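**Student:** Residue numbers (the working numbering), protein chains in the order written: chain A, 140 to 346; chain B, 717 to 956.
Please note that a few of the clues may not be correct.
[What the hints assert, rightly or not] In silico lysine-lysine, PhoX-like type, Cα no more than 20 Å apart, as pairs:
id, chain 1, residue 1, chain 2, residue 2
1, B, Lys850, B, Lys811
2, B, Lys762, B, Lys720
3, A, Lys281, A, Lys316
4, B, Lys888, B, Lys910
5, B, Lys888, A, Lys204
6, A, Lys289, A, Lys270
7, A, Lys298, A, Lys281
8, A, Lys187, B, Lys867
9, B, Lys850, A, Lys298
10, A, Lys270, A, Lys204
11, B, Lys880, B, Lys726
12, A, Lys204, B, Lys943
[Unchecked claim] In silico negatives: residues of chain B with every beta carbon more than 12 Å from chain A:
id, residue
13, Glu727
14, Ser748
15, Thr765
16, Gly832
17, Ile927
18, Asp940
19, Ser942
20, Lys949
21, Ile954
Note that these hints are calculated values from the structure, not bench results.
Given the structure is predicted, the values throughout are model-derived calculations rather than measurements.
Every residue gets a Cβ at the ideal spot worked out from N, C-alpha and C, and that includes glycine.
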Amino acid sequence: MAQKVAMDIHDGAYVNLGIGIPELVAGYIPEGREVIYHTENGLLGMGKVAPPGAEDPELVNAGKKYVTAVPGAAYFHHADSFAMIRGGHIDICVLGAYQVSEEGNLANWSTGNPDDIPAVGGAMDLVAGVKTIFVITKHTTKTGLSKIVKQCTYPLTGKNVVSRIYTDLAILDVVNKKLQVRELAPNVSFKYLQQHTDAKLIESSKQ
Amino acid sequence: MINKQVQSVKEAVSDIFDGAIVMISGFGEAGSPVELIHALVDQGAKDLTVVSNNAGSGHVGLAALIENRQVRKIICSFPRTAISVVFPELYRAGKIELELVPQGTLAERIRAAGAGIPAFFTSTTVNTPLAEGKEIRRFNGRSYVLEEAIKADFALVKCAAADKYGNLVYNKTARNFGPVMCMAANTTIVQARKLVDPGAIDPEHVVTPGIFVHRVVEIIHPVDESKLVAENKKYHGIKQ
Chain A
140 MAQKVAMDIH DGAYVNLGIG IPELVAGYIP EGREVIYHTE NGLLGMGKVA PPGAEDPELV
200 NAGKKYVTAV PGAAYFHHAD SFAMIRGGHI DICVLGAYQV SEEGNLANWS TGNPDDIPAV
260 GGAMDLVAGV KTIFVITKHT TKTGLSKIVK QCTYPLTGKN VVSRIYTDLA ILDVVNKKLQ
320 VRELAPNVSF KYLQQHTDAK LIESSKQ
Chain B
717 MINKQVQSVK EAVSDIFDGA IVMISGFGEA GSPVELIHAL VDQGAKDLTV VSNNAGSGHV
777 GLAALIENRQ VRKIICSFPR TAISVVFPEL YRAGKIELEL VPQGTLAERI RAAGAGIPAF
837 FTSTTVNTPL AEGKEIRRFN GRSYVLEEAI KADFALVKCA AADKYGNLVY NKTARNFGPV
897 MCMAANTTIV QARKLVDPGA IDPEHVVTPG IFVHRVVEII HPVDESKLVA ENKKYHGIKQ
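Let the hints inform the model, and build the full structure from the sequences given.
**Tutor:** This is the structure:
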């Protein structure tokens, strides 16, 4: 999945990767493409995770992991960092999801469980401001429920914000509030995919 | 003569009063002014509203201030971390109030206060539960939420170097909320790793101009919060 996302990130893109699986995308950018990573806590030009022994508690990413900065990096305060996001300067953001709807609605910050401590971080700012939102997620939950749904039942992070969804079963495009299959994973048929998807899918014209 | 340096953290936080709104810089550990926070634990002001991105880890720093029951309400974007224990317990028991604000909106509400802007419109949170009860207005065919500025009585901020005029530079991603919080408080209190002579910071490189800063205290060797948390250290405060 991360590799598929990486293939769709163009040379010269400014990219923000969400915490968790989205972070893996950086490892798969094809050679010859230069991508600049933004981390919303205040760094443009984020490098790899800091090697053991070189961790700096004042150089972290949005997930509070110790990272490095590449030559040509820049540090800035939070209002500037979110001006980059809200102002539409970041090209692509890759996020995880609890649920994505066929209209491109995203739920990824809260399950609505009253016992959970609510926390949102920068997720709502990212989906509202970044030009293109990619979601990377397992197609179903651990209990087999589809995460690609007709309508999100969890509280929304943003409405009509997702452009493309990368799962272990397929790549789906949100086109005019409908989900169109862009690519099926190896050995996955459209029929199988639809059976495992709550939302209605449109078969790709290419296939 | 202007000299914003004070000699101790105790003196620096001495006038923080009960019920004050206090901004605390930092993104997790990075940029958190732990020595100033511990001085506030010692000082004992109660009923505080704290504005900070997170709600503390372990039992030191911001978590110690909360654990000491000095915080009535916290305004933050992400109150839970892997090692956050104090806030979740008090929150579930209904003993601390939470205003959850998206990170960028939080930064901009603080910046707006510092810039004399009472409110602004943002597309962040439109069509989400966090926009409930807020004014929505359309501009150029898109919906935006009205968000109000957050002004503070005090800001506690950590930086890398300062001079006696309060000009500041920061270190890497520890800058985070520092510059906007300095602007948004009536009294901004800074702990710097190094006090330098005026002019030692190139005017081209000053990040926070001294006009936004009121007190500076030098803490040459600040504690390493993550180390204290890993060792399960607890800050109990010094009775005054």
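**Student:** Against the 20 Å threshold, does the CA-CA distance of A/Lys289 and A/Lys270 hold or violate the hint?
**Tutor:** Distance of about 23 Å is beyond 20 Å: violated.
**Student:** With the threshold set at 20 Å, check whether the alpha-carbon distance from A/Lys298 to A/Lys281 stays at or below it.
**Tutor:** Between A/Lys298 and A/Lys281 the Cα gap is close to 25 Å, so the pair fails against 20 Å, i.e. violated.
**Student:** Quickly compare the C-alpha distance for B/Lys888 and B/Lys910 to 20 Å and report which way the hint goes.
**Tutor:** At roughly 15 Å apart (the allowed maximum being 20 Å), B/Lys910 and B/Lys888 satisfy the hint.
**Student:** Is the Cβ of B/Ile954 farther than 12 Å from every Cβ of chain A?
**Tutor:** holds (25 Å)
**Student:** Taking only the CA atoms, is the gap from A/Lys187 to B/Lys867 under or equal to 20 Å?
**Tutor:** Since the Cα atoms of A/Lys187 and B/Lys867 sit roughly 37 Å apart, the hinted pair is violated (cutoff 20 Å).
**Student:** Does the claim that B/Glu727 lies outside the interface with chain A hold up, using a Cβ gap greater than 12 Å?
**Tutor:** The claim stands: B/Glu727 keeps its Cβ more than 12 Å from every Cβ of chain A (closest is about 26 Å).
**Student:** Mind checking the alpha carbons of A/Lys281 and A/Lys316 for me, to see if they're no more than 20 Å apart?
**Tutor:** Violated, because 27 Å separates the two Cα atoms, which is more than 20 Å.
**Student:** Just to be careful, I want the Cα atoms of B/Lys880 and B/Lys726 compared with a cutoff of 20 Å; is the pair within it?
**Tutor:** holds (18 Å)
**Student:** Take the C-alpha atoms of A/Lys204 and B/Lys943, compute the straight-line distance between them, and say whether it is at most 20 Å.
**Tutor:** Since the Cα atoms of A/Lys204 and B/Lys943 sit roughly 15 Å apart, the hinted pair holds (cutoff 20 Å).
**Student:** Holds or violated: B/Lys762 and B/Lys720, Cα atoms, limit 20 Å.
**Tutor:** This hinted pair is violated, its Cα atoms lying about 26 Å apart.
**Student:** Any Cβ of chain A at or closer than 12 Å to B/Lys949, or is the non-interface label fine?
**Tutor:** holds (15 Å)
**Student:** Find the nearest Cβ of chain A to the Cβ of B/Ile927 and say whether that gap is larger than 12 Å.
**Tutor:** B/Ile927 is indeed farther than 12 Å from all Cβ atoms of chain A, at 16 Å.
Comparing the model with each earlier hint shows violations of hints 1, 2, 3, 6, 7, 8, 10, 14, 18, 19; every other hint is respected.
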